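*Asks:* Chains as they are written, first to last, in the numbering used here: chain A, 1 to 184; chain B, 1 to 184.
Please keep in mind that the hints were generated in silico from the structure rather than gathered at the bench.
Take the hints with a grain of salt, since some may be wrong.
Within a straight-line C-alpha distance of at most 30 Å, the following computed DSSO-like cross-link-like pairs (lysine-lysine) qualify [stated by the list, open to error]:
| # | chain 1 | residue 1 | chain 2 | residue 2 |
| --- | --- | --- | --- | --- |
| 1 | B | K131 | B | K88 |
| 2 | B | K131 | A | K88 |
| 3 | B | K88 | A | K131 |
| 4 | A | K88 | A | K131 |
| 5 | B | K70 | A | K88 |
Since the structure is predicted, the reported quantities are computational estimates derived from the model, not experimental observations.
Here are the chains, one letter per residue:
There are 2 protein chains.
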Amino acid sequence: MPTTSPDNQARAHIFLGIDPGLANTGWGVIEQRGSAYRCLAYGCISTPAHTDTATRLKTIHDELCCVIEKFHPGELGIETVYFGANSKSAFATGQARGAALVAAAGEGMAVGEYSPLQIKQAVVGTGGATKEQVQYMVRAILTLDHLPRPDHASDALAAALCHGSLRGMQALERAVAGKERRDR
Amino acid sequence: MPTTSPDNQARAHIFLGIDPGLANTGWGVIEQRGSAYRCLAYGCISTPAHTDTATRLKTIHDELCCVIEKFHPGELGIETVYFGANSKSAFATGQARGAALVAAAGEGMAVGEYSPLQIKQAVVGTGGATKEQVQYMVRAILTLDHLPRPDHASDALAAALCHGSLRGMQALERAVAGKERRDR
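Isolated chain A (complex conformation) (with noise of 0.2 Å):
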């Protein structure tokens, strides 16, 4: 008969990560049972710059449908952006946030909305990590055998890395409080 650690035990949880943009979208889909991660996919969603902005939206809020139906994720975790004063990719990159939380809310995910730095800080440790060492970081959490690429889907797999990470701690921190309360 086979032991069964702590961590095959515990109950898996789906969560869908996604780096929005009207040319790229990048999503990645990842297991979390115990404190152990695994993929199940990733992928990036390219739609072409000569394609009426409509039709864009509708591929990447299609397409994110698709993925959705098929991992049934519970819960979604995106990056909050931070654009300085560049309006124009503000608003590209707006639209293409507003077509994929259109998908997620459709389904009924919960959302978790994450800074980089926060991301940075769940996945390698520091705020002030550089792009590769985040891409780093994620191949070796979740044990592939090469890096994700491209950065789109790295950067999607690593939000949804961040959102099971800080959505752990909180349970955690509510579990503590509560048996604080239970103490008293």
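Position chain B against the provided structure of chain A, taking the given hints into account.
*Replies:* The following block gives chain B in isolation, referenced to the frame of chain A:
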């Protein structure tokens, strides 16, 4: 037997106009028959700031789907947005516009995008028109007995009128170009 004017014989086209915004998304549905316009309905979808973004975007998307399902507009007129340096506002509006365009593209609607200058030019006759002049002309063209409120609904109706007007001119240009080719 009642006489039938050429305008009455003309086929009716139904256009939707949208003024997208995360807090307030204005919409307006108009019918064009020949050179005459009629307002079928207009409104504004407001989503409270304390609600999470995904839910707000889903509300905008779903309410617009209801409007499209009810009136079956074949085409959409929407404003292209200029934000200057305000990337935060551009991002929020971009998200709402993404949700709106996914709703329109989901129903296979053709989309016309117009600059604020084009809309003012089409509705008032001058690109330098004020907001009040646009509202006044929207009311006059659609023979409404009151100014359409709030501003977002009025702006949406103006975008729909602009689409109807520029679309008609484009069709005329195509017809003239076709006749010239045949006459050669």
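*Asks:* Run every hint past the structure and note whether it holds.
*Replies:* Structure-based check of all given hints:
no.	hint	verdict
1	B/K131 - B/K88	holds, 23 Å
2	B/K131 - A/K88	holds, 24 Å
3	B/K88 - A/K131	holds, 24 Å
4	A/K88 - A/K131	holds, 23 Å
5	B/K70 - A/K88	violated, 34 Å
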